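Colleague: Chain by chain, the residues:
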Amino acid sequence: MNIKKGIAISMIIGIIGIIIVAALIGGWFKPTETENINIKGSTTVLPIAQEVAELYMTKNPNINILISGGGSSVGIQSVGEGIADIGMASRELKDEEKSGYPNLKPIVIAKDGIVIIIHPNNPITNLTLDQIRCIYNGTYTNWKEVGGPDKEIVVINRDSASGTREFFWKHVMHKDDFVPTALEKNSNGAVKQTVSQTPDAIGYVGLGYVDSTVKAVNIKNDGMEIEPTVENILNGKYPISRSLYMITNGEPEGIIKDFIDFVLSDEGQGIVEEEGFVPLE
Amino acid sequence: MFRKIHSLITNLHIINKKNLKEIIIEGTLFLSAVFAMILILFIIFFLFKEGYPIFRKYGLWKFLSGNTWNPTGEPPSYGTFPLILGTLLVTLGAMIISVPLGIGTAIFISEIASPKIKTIIKSGVEILAGIPSVVYGFFGLKVLTNWLRITFDKPSGECWLAGSIILGIIVLPTIISISEDAISSVPMEYKEVSLSLGATKWQTISKVIIPSALPGITVAIILGIGRVIGETMAVMMVVGNAAIIPQPIINVFSPIRTITSTIGIEMGEVANGSTHYYALFGLALILFAIVLILNIIANVILRKLREKYIITPKKKKIKLISQKNLQKIKRYFYVILSLIIICLLILWFGIEISVLIILIILCCYVIFKKVSAKTFQRIAFGIVILSAIIVLSILGIILYHIIANGVGVLSWEFITQPPVDNGRSGGIYPAIIGTLYLVGGAILIALPIGIGAAIYLAEYTKEGLLTKIIRTGIEALNGTPSIVFGLFGFAFFVLYLNLGISLLAGQITLALMILPTIIRTTEESLKSVPQLVREASLSLGATKWQTIRKVVLPSSMSGIITGVILSIGRAAGETAPIMFTAVVFSQKFLPSSPLDPVMALPYHLFVLATNIPGAEQNAYGTALVLLILVLYLYMIALLIRSHYKKMKWW
Numbered sequence: 002m003n004i005k006k007g008i009a010i011s012m013i014i015g016i017i018g019i020i021i022v023a024a025l026i027g028g029w030f031k032p033t034e035t036e037n038i039n040i041k042g043s044t045t046v047l048p049i050a051q052e053v054a055e056l057y058m059t060k061n062p063n064i065n066i067l068i069s070g071g072g073s074s075v076g077i078q079s080v081g082e083g084i085a086d087i088g089m090a091s092r093e094l095k096d097e098e099k100s101g102y103p104n105l106k107p108i109v110i111a112k113d114g115i116v117i118i119i120h121p122n123n124p125i126t127n128l129t130l131d132q133i134r135c136i137y138n139g140t141y142t143n144w145k146e147v148g149g150p151d152k153e154i155v156v157i158n159r160d161s162a163s164g165t166r167e168f169f170w171k172h173v174m175h176k177d178d179f180v181p182t183a184l185e186k187n188s189n190g191a192v193k194q195t196v197s198q199t200p201d202a203i204g205y206v207g208l209g210y211v212d213s214t215v216k217a218v219n220i221k222n223d224g225m226e227i228e229p230t231v232e233n234i235l236n237g238k239y240p241i242s243r244s245l246y247m248i249t250n251g252e253p254e255g256i257i258k259d260f261i262d263f264v265l266s267d268e269g270q271g272i273v274e275e276e277g278f279v280p281l282e
Numbered sequence: 002m003f004r005k006i007h008s009l010i011t012n013l014h015i016i017n018k019k020n021l022k023e024i025i026i027e028g029t030l031f032l033s034a035v036f037a038m039i040l041i042l043f044i045i046f047f048l049f050k051e052g053y054p055i056f057r058k059y060g061l062w063k064f065l066s067g068n069t070w071n072p073t074g075e076p077p078s079y080g081t082f083p084l085i086l087g088t089l090l091v092t093l094g095a096m097i098i099s100v101p102l103g104i105g106t107a108i109f110i111s112e113i114a115s116p117k118i119k120t121i122i123k124s125g126v127e128i129l130a131g132i133p134s135v136v137y138g139f140f141g142l143k144v145l146t147n148w149l150r151i152t153f154d155k156p157s158g159e160c161w162l163a164g165s166i167i168l169g170i171i172v173l174p175t176i177i178s179i180s181e182d183a184i185s186s187v188p189m190e191y192k193e194v195s196l197s198l199g200a201t202k203w204q205t206i207s208k209v210i211i212p213s214a215l216p217g218i219t220v221a222i223i224l225g226i227g228r229v230i231g232e233t234m235a236v237m238m239v240v241g242n243a244a245i246i247p248q249p250i251i252n253v254f255s256p257i258r259t260i261t262s263t264i265g266i267e268m269g270e271v272a273n274g275s276t277h278y279y280a281l282f283g284l285a286l287i288l289f290a291i292v293l294i295l296n297i298i299a300n301v302i303l304r305k306l307r308e309k310y311i312i313t314p315k316k317k318k319i320k321l322i323s324q325k326n327l328q329k330i331k332r333y334f335y336v337i338l339s340l341i342i343i344c345l346l347i348l349w350f351g352i353e354i355s356v357l358i359i360l361i362i363l364c365c366y367v368i369f370k371k372v373s374a375k376t377f378q379r380i381a382f383g384i385v386i387l388s389a390i391i392v393l394s395i396l397g398i399i400l401y402h403i404i405a406n407g408v409g410v411l412s413w414e415f416i417t418q419p420p421v422d423n424g425r426s427g428g429i430y431p432a433i434i435g436t437l438y439l440v441g442g443a444i445l446i447a448l449p450i451g452i453g454a455a456i457y458l459a460e461y462t463k464e465g466l467l468t469k470i471i472r473t474g475i476e477a478l479n480g481t482p483s484i485v486f487g488l489f490g491f492a493f494f495v496l497y498l499n500l501g502i503s504l505l506a507g508q509i510t511l512a513l514m515i516l517p518t519i520i521r522t523t524e525e526s527l528k529s530v531p532q533l534v535r536e537a538s539l540s541l542g543a544t545k546w547q548t549i550r551k552v553v554l555p556s557s558m559s560g561i562i563t564g565v566i567l568s569i570g571r572a573a574g575e576t577a578p579i580m581f582t583a584v585v586f587s588q589k590f591l592p593s594s595p596l597d598p599v600m601a602l603p604y605h606l607f608v609l610a611t612n613i614p615g616a617e618q619n620a621y622g623t624a625l626v627l628l629i630l631v632l633y634l635y636m637i638a639l640l641i642r643s644h645y646k647k648m649k650w651w
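In order, the protein sequences belong to chains E and A.
So the first sequence is residues 2 to 282, counted in this note's numbering.
So the second sequence is residues 2 to 651, counted in this note's numbering.
Derived by calculation from the structure, the hints in this document are not laboratory data.
Quick caveat, the model's predicted, so the values are computed rather than measured.
A few of these clues could be false.
The calculated lysine-lysine pairs, modelled on BS3-like cross-linking and capped at a C-alpha distance of 27 Å, are [stated by the list, open to error]:
#1 Lys155(A) with Lys152(E)
#2 Lys123(A) with Lys528(A)
#3 Lys463(A) with Lys371(A)
#4 Lys95(E) with Lys63(A)
#5 Lys95(E) with Lys58(A)
#6 Lys58(A) with Lys99(E)
#7 Lys155(A) with Lys145(E)
#8 Lys202(A) with Lys370(A)
#9 Lys371(A) with Lys331(A)
#10 Lys258(E) with Lys238(E)
The following block holds chain E by itself, in its conformation from the complex:
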């Protein structure tokens, strides 16, 4: 009996060994002369960087692009500290960051609209900016106050360090305090996910995150209903839009410059549009 067990155990250990050896060999046999580009930061910009990087790597097979999230601040800090080659950010540099890392150079790579989303079954189709502000500061707590059904509003907010929230707070809330009972989510995807699951919820996300599982609310401005579309953001009609950045430490050089140029090229901007963001003109 014990011998059988012993055989079983040594077989299992053998299998693990083989897996590890295979992994190591897999690691060793990669093309030897690769160059790494390390990109880190905002989860809003991440999908763009990811898709562009995939295309770029198929064209330049000896370049390995590593992408990770973490948030705008992590991106800015990482590129400032030299941990990453390119930082991604969905907001402008703050004063502390400008003074801490004076060499940082932000480059606008795309535009993004912030879209108010609700559950698809919610009959509301449009809201004014004032109504949105009143929902988010706690003045309105029931959908009937904005012409909807008699249901309590579930307000979904972003975490207090999010670039998207900061933008929303400045340009929609006019720096008013958010209602403290709002649920806080740490990414665009999580906000969308919650709104799509919760019939009485309202949230705000980047344009790239809107799909059929949620309903985008039109903004009513001076009697006009403005749909959140690429066109309306480009022509400036849609009132809440912002820039997205890639940040380098000093002027970009070598492969980093080449990659950023590729992002800004027609091909790169094509991907920006495919991912649901707004390309630069």
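Could you slot chain A onto chain E? The hints should help.
Modeller: Relative to the frame of chain E, chain A by itself:
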């Protein structure tokens, strides 16, 4: 220790080779034990360095008692009271759910179940322990919050209750496996004596076995609380994260926010060096303080219990007195507890219903007093069996949900190809290998240090001041939330030591996190080896180290492996410690050196589940692969353990 060194130096000429070896070994073991202490001081130092400015700028009292957490308001406010309260409430709820279920299941496994059922449930519990917290969070997000919302007709299911349920499930295996170990290690004679005196099986369990196992069960609960308070990812995904105090305070459907989830969601986007950044490190310090206070309380309880139940001839008199006192304390405790419960009931249901409930409970109590021991036993066994069934069904529901949704995605391509299109299609090969590297490295680093420290603590040390400090260090390390390890790893390894976001930084950070688990479980199992065995070996002329290596270690191997199993499960599933230290979301090649970053399954799942719309299929696939990987490792460990268990002779 110093006296020992001194006597060594003066008697240098009589030291022979054998002695020297023993001394070197003892020295090495001592160093690994001290390592834990140094480490904890280091972490505290770093947290304090980064967190101190908030106390200076904002004021400690204002920071602790403020009712509003709004770091981006104008002016910003950093009141952490709602967060502290949220952490305590979620933990309380989780323990109310998991402690009765866990102890019930432990009793069932160790005392009632037949060997076959016992094996089934034990492996079930171990599978439960292997499910990574990010998978629990994923399940909570997709299933539990929805179910709560619809069942209780609430506008949103993301609330205190959801957090407590998920955390309660996460902590179940810890409580069950350690309680079960404690119950099983109660000497057979106790049970036999009780049964031979005519006590029923249940009377034996409740009056003899459980009290004797109480120190172990207390340890289980302490470890459980540590785990609950430290959990970040799962909580973050289900509690709603509104920084408010529930209105009324017992409203379990109110969204809530914990300290860990605040750090977890805000750390990523906060500017380095801003007041907000310092405030988050300040929060980590508070978390630390809560864990320390809990540990001190738990240690006091543990010492009291040990005094009461371990009968040593010398302490007999003292024991009798303390038992009398304890009886008194116990009575007060019960009175206070029932008052609290009554208050809660009245708050919750109103007076009429509360009176009714209290009457029903009293009736039950009277009936229970009247019924025969046999009937009572039947009822008690029913409850115990029910708790085991509940635990198994929870496991079944979670596994079914993940497997049913994930199995369609699995294919050879999925596990051998890198991800494409933001992880929506393609595979997860680099993430699988990355996770293997991370866990393997962490175990390799933590195992020698952990076992060394445990041997020193269990075999060599005399209970002195230094030992006390070391133990406190280990306990503090054990309660230290994984997100704090992540912060420390980022501030120290990544930035200060300039390792960068790398495999190595992640491995070390994970190793630090699992170190206390390994030390504690190893020490417990070393201590469970009877003193008799050691004495026999020593009397045959074996040296201390020979005794430990040839006799004590082999016999406690099953316990050590249990610890390693728990550690592997934890390391493979943890996201928080590697999020800022080791992982990238996407990578085409495998890492070629320890200084390269890696992809990891839990982080990949987290990003897919919360950041990438339309990646649900691959998220389920990733969850399933993560599950299979962890369960495969567990199976190996279980086989090894059962192999060693056969070698035990007492």
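Colleague: Could you run down the list of hints and mark each one as holding or not?
Modeller: Checked hints:
1. Restraint check: the Cα-Cα separation between Lys155(A) and Lys152(E) comes to about 10 Å, which is no more than 27 Å; the hinted pair holds.
2. For the proposed pair Lys123(A) and Lys528(A), the alpha carbon gap of about 23 Å is at most 27 Å, so the pair holds.
3. A C-alpha spacing of about 50 Å is found between Lys463(A) and Lys371(A), which places the hinted pair above 27 Å, so the restraint is violated.
4. At most 27 Å may separate the alpha-carbon atoms for a hinted pair to count; Lys95(E) and Lys63(A) meet this at roughly 26 Å.
5. This hinted pair checks out: Lys95(E) and Lys58(A) have alpha carbons roughly 20 Å apart, not beyond 27 Å.
6. Our distance criterion of 27 Å between C-alpha atoms is met by Lys58(A) and Lys99(E), whose separation comes to about 22 Å.
7. Distance restraint check for Lys155(A) and Lys145(E): the Cα-Cα separation of roughly 17 Å lies within the 27 Å cut-off, and the hinted pair is therefore satisfied.
8. Of the supplied pair hints, the one linking Lys202(A) and Lys370(A) holds, its CA atoms being roughly 17 Å apart against a limit of 27 Å.
9. The hinted pair formed by Lys371(A) and Lys331(A) meets the criterion: a straight-line CA distance of about 24 Å does not exceed 27 Å.
10. For the hint pairing Lys258(E) with Lys238(E), the CA-to-CA distance comes to about 33 Å; that exceeds 27 Å, so the pair is violated.
Checked against the numbered hints above, the structure breaks hints 3 and 10 and satisfies the rest.
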